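Chains A and B supply the protein sequences, listed in that same order.
If you read the first sequence in my numbering, its first letter stands for residue 1, the second for the next number, and so on.
If you read the second sequence in my numbering, its first letter stands for residue 1, the second for the next number, and so on.
Calculated directly from the structure, the hints in this document are not laboratory data.
There may be inaccurate statements among the hints.
Put simply, identical chains are the same to the list, so a pair is met inside one copy or across any two.
Claimed, not checked - Calculated pairs, DSS-like style, for lysine-lysine (alpha carbon to alpha carbon, straight line, at most 30 Å):
1. 84 x 104
2. 25 x 68
3. 60 x 37
4. 84 x 51
5. 104 x 25
6. 51 x 37
In this text the structure is predicted, and so the values were computed from the model without any measurement.
Number of protein chains: 2
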Amino acid sequence: MKDIKAKFLEFKLIGIGRTKNAFIKDGMDFYSGRINKFYRFNEDYLQVKHKSEDAKQIQKEEAIQLQKYLDAPGLNILLDEKGKTMDTIQFSNYLQNHMNQSHKAIKFFIGGAYGFDASIRQSVPLKIRLSDMTFSHQIIRLIFAEQLYRAITVMHGHPYHNV
Amino acid sequence: MKDIKAKFLEFKLIGIGRTKNAFIKDGMDFYSGRINKFYRFNEDYLQVKHKSEDAKQIQKEEAIQLQKYLDAPGLNILLDEKGKTMDTIQFSNYLQNHMNQSHKAIKFFIGGAYGFDASIRQSVPLKIRLSDMTFSHQIIRLIFAEQLYRAITVMHGHPYHNV
C-alpha cells in the first residue's frame, strides 16, 4: 500500500478511564495499527479521581479534566447519544470535509459512564451518534475505531469497506 | 446474583465464517459468559465454501446454508441494515415481548460480508438495525452481544445498564 499518511493531520480519541477489558485494548491496537497506515491516530484515556458517587457531580469532575483536551488545537467532535446520526458514507464525507479545512487535529471525545456534562454538550457544536442504542463507554472505543478506519478506507478507495 | 436462568429460553447468534480476530473471540467469550448468567446463549458460525467471487452468488450460497438454521424451532430476527432502529430500552421491551410468546429460542442472524440474500430478507419479517453505520460482519457479533447483554440487564434491573 502507498504511504498516504498526511503528516499535518492527526485523529485523536479522548475518553475517560483506563480500558478495562483486554479484548478492547487488543481490538484498539488492531484498528489503530490499520488507521496509522493512513493518518496518525492517538488515544488518551483520562484518569479522573471521583470525590462523589453522584452522576451529575461525576460529569462535572470529568468536564474539568476534559477541558484542556477541548482547548488543545484542532476540531472537537463529541460521540454522544444526542448527536447526528449518519451512515458510513456520510460519515466519511463529513470527515473529509473537516479534514479539508486544515485542522491540526480532529479530536473525538467519548464521555464517561454517565455521559457528558451539560456544559460540554453546550460548548461543542459537533456531535455524532454511532447508534440509537446505548453501549458502554468502553466498547464504544472499539465501535468508533472500526468506523473511523472504515470511513478512511472509503475516502481512499481501499477495499476494506466493500467486504 | 440470583440464578434467574430461564431453562426454556435460549438466545442464538448465527453468522457466517469463523471469527477472524482473537479480540472478537475474547470479547464474545466475555459477553456470552455474562449473558449465560441469565439465559442460555449459543453462537454458530457457518463455514460456507464459496464457488464464486460474485457478491450475489455468495449471498445465495450462504442463504442455502442459513436455511436450516432459519427452519429450526424458534423465532428468527435478522440483524440487517434495512432493519428497524431502536434504542436500548425499546430493544429490551421488544425482546421481552417476544420472550413472553414462549418461543423455544430466539435466533439472531448476521449476514456474510455482503449481507443477506434478498430471499432471506423477504422471508424473515423481523429485522433490527444496530446502527445506521455499516460495520464488519465480524465486529457486529461483539456489538450485538454487548447490546443483548445490556437489554437483558434492563429487563432484570441489573445495574450494568446504568453505568
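Tested hints:
1. Taking the shortest Cα distances, residue 84 and residue 104 sit within 30 Å of each other inside one copy (23 Å), while across copies they are farther apart (38 Å).
2. Within a single copy, residue 25 and residue 68 get their C-alpha atoms as close as 24 Å, which meets the 30 Å cut-off; across copies the closest is 37 Å, which misses it.
3. Proximity of residue 60 to residue 37 under the C-alpha cut-off of 30 Å is found in neither arrangement, the shortest distances being 36 Å within a copy and 35 Å between copies.
4. For the identical chains of this complex, residue 84 and residue 51 are neighbours neither inside a copy (33 Å) nor across copies (41 Å), given an alpha-carbon limit of 30 Å.
5. In this assembly of identical chains, residue 104 and residue 25 lie within 30 Å of each other by CA distance solely inside one copy; the values are 26 Å within and 37 Å between copies.
6. Proximity of residue 51 and residue 37 under a CA criterion of 30 Å is satisfied in neither setting, with 41 Å inside one chain copy and 33 Å between copies.
Hints 3, 4, 6 from the list above are not met by this structure, while the remaining hints are.
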